[in-house]
Structure formats: C-alpha cells, structure tokens
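Number of protein chains: 2
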Amino acid sequence: MLDASRRWRREGRSIGLVPTMGALHAGHLSLVGAARRENDVVVASAFVNPIQFGPGEDFERYPRDLDRDAALFAEADVDAIYHPSTEVMYPSGASTRVHVSGVSEPLEGTARPGHFEGVATVVTKLFTAVEPDRAYFGQKDAQQVAVVKRLVRDLDLGVNIRVVPTVRERDGLALSSRNVYLNPDERRAAVALSAGLRAAAAAYTAGERGPEKLRARLLSRLGAEPLAQVEYAEIVDPETFRAPGSLAVLAVRFGKTRLIDNHELTRPFPE
Amino acid sequence: MLDASRRWRREGRSIGLVPTMGALHAGHLSLVGAARRENDVVVASAFVNPIQFGPGEDFERYPRDLDRDAALFAEADVDAIYHPSTEVMYPSGASTRVHVSGVSEPLEGTARPGHFEGVATVVTKLFTAVEPDRAYFGQKDAQQVAVVKRLVRDLDLGVNIRVVPTVRERDGLALSSRNVYLNPDERRAAVALSAGLRAAAAAYTAGERGPEKLRARLLSRLGAEPLAQVEYAEIVDPETFRAPGSLAVLAVRFGKTRLIDNHELTRPFPE
Numbered sequence: 698m699l700d701a702s703r704r705w706r707r708e709g710r711s712i713g714l715v716p717t718m719g720a721l722h723a724g725h726l727s728l729v730g731a732a733r734r735e736n737d738v739v740v741a742s743a744f745v746n747p748i749q750f751g752p753g754e755d756f757e758r759y760p761r762d763l764d765r766d767a768a769l770f771a772e773a774d775v776d777a778i779y780h781p782s783t784e785v786m787y788p789s790g791a792s793t794r795v796h797v798s799g800v801s802e803p804l805e806g807t808a809r810p811g812h813f814e815g816v817a818t819v820v821t822k823l824f825t826a827v828e829p830d831r832a833y834f835g836q837k838d839a840q841q842v843a844v845v846k847r848l849v850r851d852l853d854l855g856v857n858i859r860v861v862p863t864v865r866e867r868d869g870l871a872l873s874s875r876n877v878y879l880n881p882d883e884r885r886a887a888v889a890l891s892a893g894l895r896a897a898a899a900a901y902t903a904g905e906r907g908p909e910k911l912r913a914r915l916l917s918r919l920g921a922e923p924l925a926q927v928e929y930a931e932i933v934d935p936e937t938f939r940a941p942g943s944l945a946v947l948a949v950r951f952g953k954t955r956l957i958d959n960h961e962l963t964r965p966f967p968e
Numbered sequence: 698m699l700d701a702s703r704r705w706r707r708e709g710r711s712i713g714l715v716p717t718m719g720a721l722h723a724g725h726l727s728l729v730g731a732a733r734r735e736n737d738v739v740v741a742s743a744f745v746n747p748i749q750f751g752p753g754e755d756f757e758r759y760p761r762d763l764d765r766d767a768a769l770f771a772e773a774d775v776d777a778i779y780h781p782s783t784e785v786m787y788p789s790g791a792s793t794r795v796h797v798s799g800v801s802e803p804l805e806g807t808a809r810p811g812h813f814e815g816v817a818t819v820v821t822k823l824f825t826a827v828e829p830d831r832a833y834f835g836q837k838d839a840q841q842v843a844v845v846k847r848l849v850r851d852l853d854l855g856v857n858i859r860v861v862p863t864v865r866e867r868d869g870l871a872l873s874s875r876n877v878y879l880n881p882d883e884r885r886a887a888v889a890l891s892a893g894l895r896a897a898a899a900a901y902t903a904g905e906r907g908p909e910k911l912r913a914r915l916l917s918r919l920g921a922e923p924l925a926q927v928e929y930a931e932i933v934d935p936e937t938f939r940a941p942g943s944l945a946v947l948a949v950r951f952g953k954t955r956l957i958d959n960h961e962l963t964r965p966f967p968e
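Chains as they are written, first to last, in my numbering: chain A, 698 to 968; chain B, 698 to 968.
Isolated chain A, as found in the complex:
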C-alpha cells in the first residue's frame, strides 16, 4: 500500500482515504463521493478492526461481505481498496497502542472502554500505510471525528480531516451498518433518536437555550418508546464532548443493538 501511495505522490497526485469497516451503505458512498471530488486518487480501506470492539460487543457478528463492498467501491470509482488481514495489522508480538486522552474519555469512551484507543491505533496505521492528503469521516460518529482530529494534530500526521454529513433514511434514522441487526419493531422504534434530535433542534431554533429543557426535548420521543433503553443523551461541546455546548448526542439500545446519533443544534435538522 505504501509503495503505491508513494508512487502516486511522486507523480504529484493527491490521495484521499475513506476508512471503513466494510458493510457499506449510502453513508460510506457519500464519503467516497466527497473524496472523489477533492482528490486525484481515492483509496478506500475495509478492515473490521478487532481492537476497537470490547468484550461482549459485536466483533464476531459484524456484517462482512467483501465482494459486495468491492463492487460498490468500484461503482463509486474508488482507485484502490486497502483490505489488510488482521495478521498484517496486528502480527504476533505487536504491542503498540495510540491513546488520546481527554476527548476520548466521556460518553462513548465511558460506554466502550478501549474503543477509542483501538480507533486511534488503527487510524494511525491506516494513515501511515496510505499517507493520504485527506481522510473522510462521517459526522454520524461525531466523537470519533473529535478524537481523530486531536490525534492528527498531536502526532503531526499531516492529513486533512474532512467531515461529511450524516446520511439518513427517509424517516430520519441515521444510516449505520448496525441497522441490519434491528427487528421490524426495533426498526420502527429507532426513529425516536432522530425525532429527539429534530425536536431539540426545533426548540433551539425557537430560542430555547436551557440545557435541561433541550435535553428534555431530546428525550421526548425516546422516553415514550418502550423498546428504547437510553444510554446517554447529552448536549456537549463538539471538541471536548463535555457540557456545556450545542452538539446533541445520543446512544440508545434496542435489544442487543446499540445505535448512536447526533446533531449540532445551531443548524436546522435536515428535512
């Protein structure tokens, strides 16, 4: 991978990287589209990173279908797919981890200990293997974006982090590779996340600034949804992920499936 990247660089071609765990949906393809518009070469990675999953999480059952992913990447005009094996990424004896403290600690960091250390480590490795000019991440994983931005600044990785808006289903549900886990009842219930974000954004637009009032709006639909178990619902600063702020973030369980979503309340919620 690095040989190919350095050849492209020698030829003066700019490189955009779209890191994914495969299981592609239209959100990933929107990242590829942004990369295609801004770079000469587009590399997409597909790697289900074991070290960002905790014990009891869904590493084993995470959906994998490289043939389907490769066809979708090809259709989206990706130039190269980086698909390392686990043995290549974490050979026997590998013992290095990249840890971002601060922003990686609250919310997702608390709910998923070790998750962001796994993310920071694999993102560093993807960046050193691909040496991209730009890398594309979805706003859907807002805290991951903040961790990666901090990481890139702190380790001088020289990669421009581009953040692409969340792609949603018609009813508002944010696209996620984990949505396939939902049964029909859970799928119907899951609209409560985006409904809460929409309600909080509407209240903000109408002038509401009280954190508890906004939080109550965020939880309005979720509280009435028997299938939803709210893990957190907060309004935080988008760099530190601590209150106060104007980024509404949600993590909710439906049965065994855990979904997250977020919205910056200073902006109108998309129709």
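Hints were generated in silico from the structure; no laboratory data involved. In this text, all values refer to a predicted model and were calculated from it rather than measured experimentally. Take these hints with a grain of salt, some might be off.
If chains are identical, the list can't say which one is meant, so a pair holds when it fits in one copy or spans any two.
What the hints assert, rightly or not - Computed list of lysine to any residue pairs in SDA-like fashion (alpha-carbon distance at most 25 Å, straight line): (1) Lys846 - Arg703; (2) Lys846 - Ser789; (3) Lys846 - Met698; (4) Lys846 - Gly790; (5) Lys910 - Glu931; (6) Lys846 - Tyr787; (7) Lys846 - Gly730; (8) Lys953 - Asn880; (9) Lys846 - Gly815.
Given chain A's structure and the hints, the job is docking chain B onto it.
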C-alpha cells in the same frame, strides 16, 4: 519540515533522519556519518523532549547549546536541522501518547516510568514530520532501539531503523551527553561500566554461559567501586529485554548522574 521532506521525496531523494536531544558528541556525529553515507538528504533533529524525563530527572539542567550543535551538524554536512519548540511539539491541549508495551516495561522502563512512552511519542512525531527512509539510533541506548523497532513495525511507520555502534572514550567509557555531569572522581570510577562489560565478554568468549557467573563478571569492578551505585546489571534478550539472553546491560549511578551501557556478549568487546 514536512513540506521540505515531501519536496525531497518528489525529487526522488532519499532522506536519513538522526534524532538527537542536542548536546552533541562524537557518538551523534557517528550517526550523522552513517546517515550521510546512505542517504541523499540528511536531517538531524535537536529537541530536548520534556515528556521522556520523569519528575526529579535532569530535564532542566540537560545541556543545551544550539549554536554549538548547529556548527557541528554543519561541519558533518547535515542538510537540515529540525529544531521544533516545545510549544510546536506539545501545544496546549495536546493529549495523544504512543505506548509500546512489553519491551518497554523491564529495566529502563521500571527505573524510568513513562520514559519510553515519551520516547515512542516523540519518535512517532519526528517520523511523521520528516517522513525519513532511514533513521539512525545508537546501540548505547539498546532498549530504546528495541522499543523504536517494535513501534515502527506496529504502526507501519515505513522507516528503516539503523543501529550504529557505541562510540567510547579511550578508557572505554561510552560517550553520553550526561558524562559532563561527572566530577573527576566519578569520571575515573565510571570506567567500571565498560570494564564489567569487557570482563563479561571475555568470559563469554572463553566459554562461560552461566548467567550468574557472567553477571558476577559484569559486576566485578563495579562492586569494588565505592562511588558506584548499581541500579541493574542483567543479561537479557535484545528484543524483549528479559532474561535469558546474551546482551549485557548496566545502569549505574555516580552521585546524581545515571549512566547506562551495554554489550552483546557474542561479540568481542572493542579494544
């Protein structure tokens, strides 16, 4: 720095990096010589890295003389000196650390908690800023070499780590920027480190393989030296820094000054 490096790379020129904390001696210049022979462009860094010093260590009094260092680098035909400020390397809010477990834990890792995390973090940053083809480290800091090799493999840093033999005074004392701290009595006593390594190597050459016997030879002179306080004296594996092995490693205090030295017993000790 990265702009300059990427320009050199576009021109097809290979880049060798010599990371230093300044306070140059002939050991550093030997690294520069090796880099000069093997690369089109030689970059030397001079940065006293605060995060690899523990509380109570010599960060404040570590010798600094950039004018002298710059003159010595120029004389040795270095093309560029990378001399970042602490604020550039660790700006307010920086919170990322690179941690290598395993090899970084025994010996120096135990004696200097956090030291190798500081080393791994700054080396990663130097490599991402310079993007060298090769980087040059002294055998004198043998455990640092093992940590950096592990780091480079684990994070796919794509840098060839070159290890250069220790340069010694005529009486055997390994060159170190910390030797200037020694008073004349301590300087005379400090020869006990290399004398121990020489005695252990002679015993090994004569067929001795018993770890305790070899260790006794290592300590023969040090035990008779009232100014020397031995911190550790072990014979370890050069990749894991755990026994058994054939790399003799020493850490010894003379007053407030802490010196380290090592020798691979399968090789004759230099005259």
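Each hint tested on the structure:
In this assembly of identical chains, Lys846 and Arg703 lie within 25 Å of each other by CA distance both inside one copy and across copies; the values are 23 Å within and 22 Å between. In this homomeric assembly, Lys846 and Ser789 come within 25 Å of each other (Cα to Cα) only across copies, at 15 Å, whereas the closest approach inside a single copy is 29 Å. In this assembly of identical chains, Lys846 and Met698 lie within 25 Å of each other by CA distance both inside one copy and across copies; the values are 23 Å within and 20 Å between. In this assembly of identical chains, the alpha carbons of Lys846 and Gly790 lie at most 25 Å apart only when taken from different copies (12 Å versus 29 Å within one copy).
Taking the shortest alpha-carbon separations for Lys910 and Glu931, only the intra-copy value of 11 Å comes in at or below 25 Å, while the best inter-copy value is 64 Å. Within a single copy, Lys846 and Tyr787 get their C-alpha atoms as close as 23 Å, and across copies as close as 15 Å, so both meet the 25 Å cut-off. For a Cα distance limit of 25 Å, the shortest separation of Lys846 from Gly730 inside one copy, 21 Å, qualifies, whereas the shortest one across copies, 38 Å, does not. With identical chains, the CA atoms of Lys953 and Asn880 are at most 25 Å apart within one copy only, with a shortest distance of 11 Å there and 68 Å across copies.
For the identical chains of this complex, Lys846 and Gly815 are neighbours both inside a copy (15 Å) and across copies (21 Å), given an alpha-carbon limit of 25 Å.
Of the numbered hints given earlier, the model fails none.
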